[in-house]
Amino acid sequence: DAMVIQNPRYQVTQFGKPVTLSCSQTLNHNVMYWYQQKSSQAPKLLFHYYDKDFNNEADTPDNFQSRRPNTSFCFLDIRSPGLGDAAMYLCATSILGGAQYFGPGTRLTVL
Amino acid sequence: AQSVSQHNHHVILSEAASLELGCNYSYGGTVNLFWYVQYPGQHLQLLLKYFSGDPLVKGIKGFEAEFIKSKFSFNLRKPSVQWSDTAEYFCAVNGRFAYNTDKLIFGTGTRLQVFP
Chain U
924 DAMVIQNPRY QVTQFGKPVT LSCSQTLNHN VMYWYQQKSS QAPKLLFHYY
974 DKDFNNEADT PDNFQSRRPN TSFCFLDIRS PGLGDAAMYL CATSILGGAQ
1024 YFGPGTRLTV L
Chain Y
671 AQSVSQHNHH VILSEAASLE LGCNYSYGGT VNLFWYVQYP GQHLQLLLKY
721 FSGDPLVKGI KGFEAEFIKS KFSFNLRKPS VQWSDTAEYF CAVNGRFAYN
771 TDKLIFGTGT RLQVFP
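From first to last, the protein sequence lines are chains U and Y. Using our numbering, read the first sequence as starting at 924 and increasing by one per residue. Using our numbering, read the second sequence as starting at 671 and increasing by one per residue.
Simulated from the structure, these hints should not be mistaken for laboratory data. One or more hints might be untrue.
To give a feel for the contact side, a few chain U residues facing chain Y, derived at Cβ under 10 Å [what the hints assert, rightly or not]:
# : residue
1 : Val927
2 : Asn930
3 : Val942
4 : Gln959
5 : Tyr973
6 : Arg1002
7 : Leu1006
8 : Gly1021
Ideal Cβ positions, reconstructed from N, Cα and C, are used throughout, including at glycine.
Chain U with its partners taken away, still in its complex shape:
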């Protein structure tokens, strides 16, 4: 019954080594979101897709990119991870105007 799936659940990478996080959904929602959440903080929106329309937050670093090849999948690429990028990365989906449903997250560690 998993609805929003994120892989991997834990990712360890080295400083500067590119990493890709994936998200898939079985809800057929047209909006998909990527958030960064650091310890004891609210999730911070990085970007979102409405269908194939990409919406980047103004303060999202260029180091973060995203791809949505189809309705079900969305990827987060971190081109050159720094120590400050260590965080939990959350994927969420919604229909337009509806509640967002979150995946379990990928915890990224940068060594």
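Mind docking chain Y on chain U? Use the hints.
Just chain Y now, with coordinates in the frame of chain U:
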């Protein structure tokens, strides 16, 4: 700018105590309102939501929230908390900022600790 304020950053209660967590938002247009809960080590889960209609909304696990439009508030309540309610609670507002986008504005969260 749109914002959500949660005034209680850390709440400590004993089991069976009543709970009320405050949430105020700043947004002039039509809003949808949400409470999300994040149990230790788990992902964000939708606790309840308000889109329209009865301003008193009932959610899962005995939680409820009341939308008071005149006060721009959406406070979360539970008459009797349990140890298992220990979690981080986030209030969020969804407003239409552009033709085809919806963004959740989150509050900073309230950490609830319930002791047996």
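Okay, the hints, checked on the actual structure:
Contact between Val927 of chain U and chain Y, as hinted, is supported at the beta carbon level, the nearest pair being about 8 Å apart and thus within 10 Å. With a cut of 10 Å, the hint placing Asn930 of chain U at the interface with chain Y is violated, because the nearest CB-to-CB distance is about 14 Å. At its closest, the beta carbon of Val942 of chain U sits 20 Å from a beta carbon of chain Y; the interface hint therefore is violated under the 10 Å criterion. With its C-beta approaching chain Y no nearer than about 12 Å, Gln959 of chain U sits outside the 10 Å limit, and its interface hint is violated.
The closest approach between the C-beta of Tyr973 of chain U and any C-beta of chain Y is roughly 5 Å, which is under the 10 Å cut-off, so the hint is satisfied. For Arg1002 of chain U, the interface hint is violated, since its Cβ never comes within 10 Å of a Cβ in chain Y; the closest pair sits about 24 Å apart. At its closest, the beta carbon of Leu1006 of chain U sits 23 Å from a beta carbon of chain Y; the interface hint therefore is violated under the 10 Å criterion. Because the smallest distance between the Cβ of Gly1021 of chain U and any Cβ of chain Y comes to about 8 Å, under 10 Å, the interface hint for this residue holds.
Taken one by one, the earlier hints fail for this structure at numbers 2, 3, 4, 6 and 7, listed in ascending order.
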